[in-house]
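Residue numbers (our numbering), protein chains in the order written: chain A, 523 to 867; chain B, 13 to 299.
Quick caveat, the hints were computed from the structure, so don't treat them as lab data. Every residue, glycine too, gets a C-beta built ideally from N, C-alpha and C. Nothing false has been slipped in among the hints.
Computed from the model, here is a short list of chain A residues facing chain B with C-beta under 7 Å:
id, residue
1, Leu657
2, Val661
3, Leu662
4, Leu676
5, Glu829
6, Phe833
7, Ile835
8, Gly836
9, Leu839
10, Ile840
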Amino acid sequence: MDASKSRPAPAGGESTVARAGVADFLVRRSRFRPAEALPWIAAIAAFFIFPSQMVLGGQTLIMILFALSLDLILGYAGIVTLGHAAFFGLGAYGASLLITDLGWSEPVSGLLAGALIAAIAGFLSGWLLLRYRGLAFLVLTLSVTIMLQQLGNLFRDFTGGYDGIPGVNVAPLFGRFDYDIYGHTYYLYCLGVLLIVFYCVRRIVYSPFGQALVGIRENIGRMNALGSPVHWRLVVVYTISAAVAGIAGALFAQTNAFVTLGVFDFDQSAAVLIMLILGGAGWLYGGFIGAALYMVLQNELAKASPEFWQFGIGLLLIGVVLFVRRGTLGRVLNVSRLLQARTQP
Amino acid sequence: MVNTLVSILFDGLAWAMFLFIVSVGLSVTMGLMGFVNLAHGAFAMAGGYLVLTTMSAWGVPFLGALVITFVVVGAASVLFERVLYARLYGAGELDQVLMTIGLTFMAIATYTYFYGPLTHAIRIPDYLAGQLNLGGRSFPAYRVFLIGVGAALIAALWYGFDRTSLGAKIRASVDNRRMAQSVGIDVDLLFTITFAVGSGLAALGGGLAIQLLGLTPNFAIIYLVFFLLVVAVGGSGSLWGTLAGALVLGMADTAGKYLFSDAGTFAIYAVAVLILLLKPAGLYGRE
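Can you make the complete structure from the sequences, with help from the hints?
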């Protein structure tokens, strides 16, 4: 929405008509389109086609959820952070300590605990940090994540330090479905959680609030001038994003039955950023493509040699930046058009 | 008590000089082009390995290896700058962050492939290995040497920045790039030069750091955070800002580790976050 496309605001009596038009546009845009079923069909198909790969499948779904949380703030609100792993890690530790320290092992409430802890951290850090931009914000988010990691190491009696917390064993899902070594239950559990969270995130993104976020991303100065409460909107979306990342972290801890301070590593923040970018930010489905591609590539290449994998992902990233994000290939490969609603009314 | 204080000041100064040497190039390139270069640590790491190889494989003495490293990495960085970085001037910070993370990953993978993931050390010459007696107190000679190198570089950079026409052009371009361009300053060329010198200095710092920190391919990421902190705290594009940032954070880090052994690693981040919250553009930056 750059300046050249905007039209002068209609005066007087036309404004109600314009408002009705906008409302109509927002409602129409939010309707589900048939192509949006594809990722879910693929996820269910994968369950039947690759039954032996469901451990990897579950991890992929978790990373999709994590990337989805980043898409909210990066893709829609345009916030570039180097510390998103902080919320994933807090969610993972929240869910783990609930089981090992408090002895409460019901899985769904574990997710809510992870979400709550991450959301509180997201609210506080967002309120404090989101007034900064550029290098200061990058460095601040990076530093806060490292400080959390070191805090975990400092209280290692409580958190297990870098050795981690073993024995994060959750009770059967809904008291009925126990977990098998092939990860089948976990896969369906993750898929269910992803579906519910995705639905909520989609509602948020297509709401007027979501539209305001896009406005902030495209032109923060103009949104300020319009009187939009920019800072609070950013804090709210940052908090929601943190909560979703917390759920992903909690799922990660529950399905691995183990968590270490490695979840706070810079690599983790970088990995989720890479996944989202590989699939494309700002259209909700980027994480599905990116995380699936990343996890499968990692699984295959790291078998050959970890260096090949690291070299490959670096090369892929540079290629994506130079040729897809900033090149013609991006316009040719714009699959997002299939799934994304028209942006112009 | 006095002993501890002297030790903190001395070790903190040596650590600050290392941080300054590596970070100054990052600061100037960031100030000139606003380029968020997360691959700066990779240049430092590459410098460390080049010092290692020139010393162990070709038998070059330590000081000679440092000079060779500065020149070779500085020259090689021009290639990266022209081929990769130049395409992203004026791009969003996200693209810059992504591309330089990609570059860092490739560098780490390449060096792990050739040198292995284990820590390497070098044999520094005997005259740098012992203790040095200064004013009735003995100090590790290597750290005295590090402080000396840092002081010499500060003097040289001050002269270059403050007293030469090239330095005046750089300062003008940091202050207002478009104005500088419109009076005929070739900012792209300036950037290439500062990028090369900055990367060369990072490599030099990487070589100097082997003795202090050991050398693994992960050097490129582990210490990158410190360099970014120094630049952000000091204020990008400023020589004195980088020096101030390096001194504050170097001292804070050392003091933290001396005084609170366990919680000490916190100090550098806590101090940096506090300063950035109060002065987001850094100590010497303009709001």
